[in-house]
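Build out the structure end to end from the sequences listed, making use of the hints.
Number of protein chains: 2
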Amino acid sequence: MAIGVKPIPLTIVAQVLAIAGAIMVLVWCIAFRGGLAWESSNKSLIFNLHPVLMLIGFIIIGGEAIMTYKTLPLRRDVKKLIHLVLHAIALILGIIGVYLAFKYHNESSIANLYSLHSWLGIGIIVLYGIQWIYGFLVFFYPGGPTAIRNASAPWHVIFGLFVYILAVANATLGFLEKLTFLETSGVAKYGSEAFLVNFTALITILYGGFVVLTVFSQAPPDEDDYSYSAI
Amino acid sequence: MAIGVKPIPLTIVAQVLAIAGAIMVLVWCIAFRGGLAWESSNKSLIFNLHPVLMLIGFIIIGGEAIMTYKTLPLRRDVKKLIHLVLHAIALILGIIGVYLAFKYHNESSIANLYSLHSWLGIGIIVLYGIQWIYGFLVFFYPGGPTAIRNASAPWHVIFGLFVYILAVANATLGFLEKLTFLETSGVAKYGSEAFLVNFTALITILYGGFVVLTVFSQAPPDEDDYSYSAI
Numbered sequence: 001m002a003i004g005v006k007p008i009p010l011t012i013v014a015q016v017l018a019i020a021g022a023i024m025v026l027v028w029c030i031a032f033r034g035g036l037a038w039e040s041s042n043k044s045l046i047f048n049l050h051p052v053l054m055l056i057g058f059i060i061i062g063g064e065a066i067m068t069y070k071t072l073p074l075r076r077d078v079k080k081l082i083h084l085v086l087h088a089i090a091l092i093l094g095i096i097g098v099y100l101a102f103k104y105h106n107e108s109s110i111a112n113l114y115s116l117h118s119w120l121g122i123g124i125i126v127l128y129g130i131q132w133i134y135g136f137l138v139f140f141y142p143g144g145p146t147a148i149r150n151a152s153a154p155w156h157v158i159f160g161l162f163v164y165i166l167a168v169a170n171a172t173l174g175f176l177e178k179l180t181f182l183e184t185s186g187v188a189k190y191g192s193e194a195f196l197v198n199f200t201a202l203i204t205i206l207y208g209g210f211v212v213l214t215v216f217s218q219a220p221p222d223e224d225d226y227s228y229s230a231i
Numbered sequence: 001m002a003i004g005v006k007p008i009p010l011t012i013v014a015q016v017l018a019i020a021g022a023i024m025v026l027v028w029c030i031a032f033r034g035g036l037a038w039e040s041s042n043k044s045l046i047f048n049l050h051p052v053l054m055l056i057g058f059i060i061i062g063g064e065a066i067m068t069y070k071t072l073p074l075r076r077d078v079k080k081l082i083h084l085v086l087h088a089i090a091l092i093l094g095i096i097g098v099y100l101a102f103k104y105h106n107e108s109s110i111a112n113l114y115s116l117h118s119w120l121g122i123g124i125i126v127l128y129g130i131q132w133i134y135g136f137l138v139f140f141y142p143g144g145p146t147a148i149r150n151a152s153a154p155w156h157v158i159f160g161l162f163v164y165i166l167a168v169a170n171a172t173l174g175f176l177e178k179l180t181f182l183e184t185s186g187v188a189k190y191g192s193e194a195f196l197v198n199f200t201a202l203i204t205i206l207y208g209g210f211v212v213l214t215v216f217s218q219a220p221p222d223e224d225d226y227s228y229s230a231i
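From first to last, the protein sequence lines stand for chains A and B.
For the first sequence, this note's numbering assigns the number 1 to the initial residue and increments by one for each residue that follows.
For the second sequence, this note's numbering assigns the number 1 to the initial residue and increments by one for each residue that follows.
It is possible that part of the hints are untrue.
Where chains are identical, the list cannot tell them apart; a pair therefore holds if satisfied intra-copy or between any two copies.
What the hints assert, rightly or not - In silico BS3-like links for lysine-lysine, alpha-carbon gap of 25 angstroms or less:
#1 K43 - K189
#2 K189 - K103
#3 K189 - K178
#4 K43 - K103
#5 K103 - K80
#6 K6 - K43
#7 K80 - K6
Simulated from the structure, these hints should not be mistaken for laboratory data.
This is how it looks when you write it as structure tokens:
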């Protein structure tokens, strides 16, 4: 079910959205929320690393990992290597981002793992890890038999997109949850910070939409003539 | 990019999830939150109609509209009629559900349209309406020229799934937002109500996942031999 659009224009739009989203989350956490810190007596600065790492590290780099496999005019094995390395970077930064949420909670005596955002977050990291390990073993090294590769390829795409869409959705849950807490503590509901956070969430959704759309776009001429579905 | 699974088993799982989700949201709103009412001095009862209508009316019936087009062993024009009627019912119940959120806010002097959930909700209803009108005009009555139908068909599927996934994601935002408010007002973070709401959200996500998976499953033998992509 390919759509009649070439992937390059979609990817360009996605890059613009990625840059916008990255700037917006940094402006929010640094200019509005006081900055970023691994260690600080102001525990909020530790929390601030969480949205920055999850959006720039996990969502944006994870999206780049998905798009590069479709769009780069390179040999399939080179694209595969870039795909799995970028996904590994996204996963590691995502795990560090999740760790920082726990670190903030623990150092501030806030309960862990009660919210839907936290439940989904743990589930997504686990599923992302399983997807990466399965992809590595079956499609990269040592590589599964051809029959298993062929049967797995569409599932790899579908399951990968499912986990990625969940990650984007969970980012919006995180933005809403944090902003709701801030508004309960006095941040204006129609103020500039509230608008910045909500628009960052909208930009994140649009970025995720363009990443997914890229997968369904027409495959470019490939150096060894494989399409996306022939992993 | 069809996956090697028949749509019927996926649809059966979706139906089980739909029933579970419908029961859970009713138990939450009736047993835990005091019941449902169009008019009441207890304004919370008016709010309670919102999640019930949005989940059962909009998300579940909207999902059925998507799945029936893929799974029913009927003539294409019959399936198309069922598809557009179910989507119309979903849209109308969704609009009523959104109206009730405003009604609750207005009668309780709560601000409107400040949260990401409300912004996305309005956007989703508008996009759903546009998608329905476009689909009606081009694929049903009066019907567009063949070239426009063929060019529109994959976009109708992709855009429809985008809006539907947004709706499911926004339902999870709604569950999280309401539960966060309730927890701020004293509902236990690890209590039975919190678990019920979070699990209802998880069931909603799984239902949405199975609805989308149905679209990518193998088309069944069709009475007039059309697949999903040939609308």
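These are the hints, each one checked on the structure:
Taking CA atoms no more than 25 angstroms apart as the test, K43 paired with K189 passes in both settings, with 24 angstroms inside one copy and 22 angstroms between copies. Proximity of K189 to K103 under the C-alpha cut-off of 25 angstroms is restricted to the inter-copy arrangement: shortest distance 19 angstroms between copies versus 28 angstroms within a copy. Taking CA atoms no more than 25 angstroms apart as the test, K189 paired with K178 passes in both settings, with 13 angstroms inside one copy and 16 angstroms between copies. Only within a single protomer do K43 and K103 lie at most 25 angstroms apart by alpha-carbon distance; the minimum there is 9 angstroms, versus 39 angstroms between protomers.
For a Cα distance limit of 25 angstroms, the shortest separation of K103 from K80 qualifies neither inside one copy, at 34 angstroms, nor across copies, at 53 angstroms. Taking CA atoms no more than 25 angstroms apart as the test, K6 paired with K43 passes in neither setting, with 46 angstroms inside one copy and 51 angstroms between copies. Taking CA atoms no more than 25 angstroms apart as the test, K80 paired with K6 passes inside one copy only; the shortest distance there is 20 angstroms, against 30 angstroms between copies.
Going through the hint list in order, the structure does not satisfy hints 5, 6.
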